[in-house]
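Colleague: Listed below are the residues making up each chain.
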Amino acid sequence: MDIAGKTEYQDRSAFRILKDKFAMITIVILSLLTASPIILIIYKLIVEGYRQISLRFIIENTPDTFAAMTAVASGEKIPGGIANGITGTLIMIVMAAVIAIPVGVMTGIYLYENQGKFLANLTRNISDILQGVPSIVLGLISYLWIVKHVTMGFSALAGSVSLSIMMLPMIVRSTEETLKMIPLTLKEAALALGTPYHKVILRVLIPTGFSGLLTGILLGISRILGETAPLMLTALGSNVINLNITEPTSAIPLLIWDFYNDPNMIDLIWSSSLLLMIMILLLNIVSRQIAAKRK
Amino acid sequence: MMANSDKITKIVLSLAAFLIMAVAGGMIYSLVEGSIPSFRVFGLNFIFSDQWDPTESKENYGALPFIAGTLMTSVAALIISLPLSFSTSLFLGEYFRGTRVARILSLLVDLLAGIPSIVYGLWGFYVLRPLLTDMGLPNQGYGVLTASLILAIMIIPYATSLSNEIIAMVPNDLKEAAYSLGATRLEVIQTVTVPSARSGIIAGYILAFGRALGETMAVTMLIGNSNVVPSGFFSTGNTMASVIANQFGEAEGLKLSSLIAIGLLLFLITGIVNGIGKLIIKKMTS
Numbered sequence: 089m090d091i092a093g094k095t096e097y098q099d100r101s102a103f104r105i106l107k108d109k110f111a112m113i114t115i116v117i118l119s120l121l122t123a124s125p126i127i128l129i130i131y132k133l134i135v136e137g138y139r140q141i142s143l144r145f146i147i148e149n150t151p152d153t154f155a156a157m158t159a160v161a162s163g164e165k166i167p168g169g170i171a172n173g174i175t176g177t178l179i180m181i182v183m184a185a186v187i188a189i190p191v192g193v194m195t196g197i198y199l200y201e202n203q204g205k206f207l208a209n210l211t212r213n214i215s216d217i218l219q220g221v222p223s224i225v226l227g228l229i230s231y232l233w234i235v236k237h238v239t240m241g242f243s244a245l246a247g248s249v250s251l252s253i254m255m256l257p258m259i260v261r262s263t264e265e266t267l268k269m270i271p272l273t274l275k276e277a278a279l280a281l282g283t284p285y286h287k288v289i290l291r292v293l294i295p296t297g298f299s300g301l302l303t304g305i306l307l308g309i310s311r312i313l314g315e316t317a318p319l320m321l322t323a324l325g326s327n328v329i330n331l332n333i334t335e336p337t338s339a340i341p342l343l344i345w346d347f348y349n350d351p352n353m354i355d356l357i358w359s360s361s362l363l364l365m366i367m368i369l370l371l372n373i374v375s376r377q378i379a380a381k382r383k
Numbered sequence: 261m262m263a264n265s266d267k268i269t270k271i272v273l274s275l276a277a278f279l280i281m282a283v284a285g286g287m288i289y290s291l292v293e294g295s296i297p298s299f300r301v302f303g304l305n306f307i308f309s310d311q312w313d314p315t316e317s318k319e320n321y322g323a324l325p326f327i328a329g330t331l332m333t334s335v336a337a338l339i340i341s342l343p344l345s346f347s348t349s350l351f352l353g354e355y356f357r358g359t360r361v362a363r364i365l366s367l368l369v370d371l372l373a374g375i376p377s378i379v380y381g382l383w384g385f386y387v388l389r390p391l392l393t394d395m396g397l398p399n400q401g402y403g404v405l406t407a408s409l410i411l412a413i414m415i416i417p418y419a420t421s422l423s424n425e426i427i428a429m430v431p432n433d434l435k436e437a438a439y440s441l442g443a444t445r446l447e448v449i450q451t452v453t454v455p456s457a458r459s460g461i462i463a464g465y466i467l468a469f470g471r472a473l474g475e476t477m478a479v480t481m482l483i484g485n486s487n488v489v490p491s492g493f494f495s496t497g498n499t500m501a502s503v504i505a506n507q508f509g510e511a512e513g514l515k516l517s518s519l520i521a522i523g524l525l526l527f528l529i530t531g532i533v534n535g536i537g538k539l540i541i542k543k544m545t546s
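One line per chain: the protein sequences are E and F, in this order. 89 is the number of the first residue of the first sequence in the working numbering; add one for each residue after it. 261 is the number of the first residue of the second sequence in the working numbering; add one for each residue after it.
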């Protein structure tokens with residue numbers, strides 16, 4: 089009995105160790121598999137896209153289909169670039185930031201100052217709900233609000249409104265989280281000196297938490313930079329550089345969508361995507377650096 | 261006694277918070293108002309009808325094909341991404357916690373979240389789809405499965421970020437107690453780590469599912485865009501988000517209203533799914 093029990097125990101332990109090893113190897117393999125798509129995607133973008141990228145690509149407007157077709161037929165590079173998309177993206181991102189940052193930062197401060205109160209909790213929950221709303225629904229909303237009633241047509245303004253609603257909850261959250269980490273004594277010291285409340289915010293809270301706020305804002309921008317769906321319903325797109333915010337405007341992701349739908353422009357898809365990816369990666373790296381310095 | 265300027269500051273801050281509530285309220289109002297014409301014609305049957313017929317004078321719209329497409333792609337994406345993201349969470353939070361390898365892997369996974377949906381779509385279209393066609397997938401590689409595969413990759417960072425943290429937070433005492441009883445690492449994971457991190461892991465997957473429900477561009481480019489209830493994972497279909505993106509351009513009148521109604525349904529479904537996820541997190545932290 090005793091001996092039988094012992095042998096059974098030894099048998100099982102060898103099996104258990106084997107099982108443990110097997111599980112670990114499986115987990116390592118699956119984890120490496122998880123890391124592979126990002127490498128494959130970036131590889132594809134670089135290999136297919138680097139040839140088209142040049143100064144012309146950044147400063148010229150999109151070519152028409154015919155020009156692209158002749159260039160492809162004679163084996164040349166497609167002329168023109170995506171200047172209209174770059175300017176459109178910049179305009180819409182800046183407008184979205186101008187709308188979202190003040191509202192978001194102020195709401196974040198409101199949540200920080202009113203911890204535990206009913207209205208603050210409600211606002212926080214609603215902001216969380218907004219964060220989960222699919223971007224295409226935000227496009228619909230901005231269409232119903234801005235395209236139909238304000239600019240009476242597709243416009244850069246409508247595009248940036250949908251992007252700003254997308255960005256808002258991220259800024260609210262990062263502001264509140266940042267402020268929570270500032271030592272309370274700092275605020276109390278300022279208040280004890282008789283500093284008015286708005287000066288405490290502007291001179292103490294915001295400067296102390298500045299790098300945290302900036303990280304949140306940059307990550308928010310990197311998130312809306314590649315958004316396509318809401319812009320399809322709001323900004324629509326344009327073949328030339330447009331600086332009037334009440335007119336249809338293009339953006340880099342919108343151009344990628346146009347190129348994707350036009351068989352003559354395929355060569356431009358990858359270079360535009362590469363440029364977009366570089367912008368997003370740079371923003372990510374910068375915000376990571378700022379966040380790392382904070383710690 | 262509060263100074264006047266302090267009062268003004270407080271009011272301004274509250275106004276910003278109220279603006280967010282007003283935006284959310286206005287969104288619901290506009291979606292409901294915009295979908296009324298459609299619900300007035302089709303009634304609640306709109307949700308259960310599988311018709312999508314834009315022919316003039318006998319227009320007939322129903323949301324069932326798109327609800328089915330959305331649920332099928334998202335559920336499949338979650339199932340496909342489950343082994344990948346769960347392994348990654350264990351890799352980062354348990355096996356190689358704090359090592360350089362883990363930092364690099366975690367960076368790569370984070371970068372997945374930064375890739376725009378349209379770039380995923382391009383990659384799926386030009387790389388994944390031909391591969392699947394070679395493997396014998398019908399419809400030139402378009403369909404629910406192709407869309408789900410790309411969606412699965414897209415939601416990995418959302419599925420892992422929460423569970424990494426929770427798994428790394430499991431107290432060492434608990435694990436060491438199990439080790440001292442002679443448990444192997446796998447047994448510690450099975451009996452200690454996963455049970456004590458369970459609700460956090462589930463919440464992370466629910467939030468990732470919520471992401472998958474609303475993804476638009478990549479799905480639009482890969483699902484095949486046919487307005488029928490998909491008959492299986494190899495057939496083509498359309499999701500709620502992709503039908504809005506596809507049909508919005510030429511839509512007006514009843515069709516536009518029906519698309520807005522689909523937007524409203526999508527808003528409600530993602531809201532409920534995210535709400536459940538947040539509720540689990542809240543219960544866990546309190």
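Quick caveat, the hints were computed from the structure, so don't treat them as lab data. Warning: the hint list may mix true and false statements.
Cut-off 25 Å, straight-line C-alpha distance, at most; resulting in silico cross-link-like pairs (PhoX-like, lysine-lysine) [to be verified]: (1) E:K268 - F:K538; (2) F:K270 - E:K275; (3) E:K107 - F:K435.
Colleague: Do the alpha carbons of E:K268 and F:K538 lie within 25 Å of each other, as the hint requires?
Modeller: With a Cα-Cα distance of about 20 Å, the restraint between E:K268 and F:K538 holds, given a limit of 25 Å.
Colleague: Taking 25 Å as the top limit, are the C-alpha atoms of E:K107 and F:K435 close enough?
Modeller: holds (18 Å)
Colleague: Assess, step by step, whether the Cα of F:K270 is no farther than 25 Å from the Cα of E:K275, and give holds or violated.
Modeller: Roughly 16 Å between the alpha carbons, so the hint for F:K270 and E:K275 holds.
The structure shown violates none of the earlier numbered hints.
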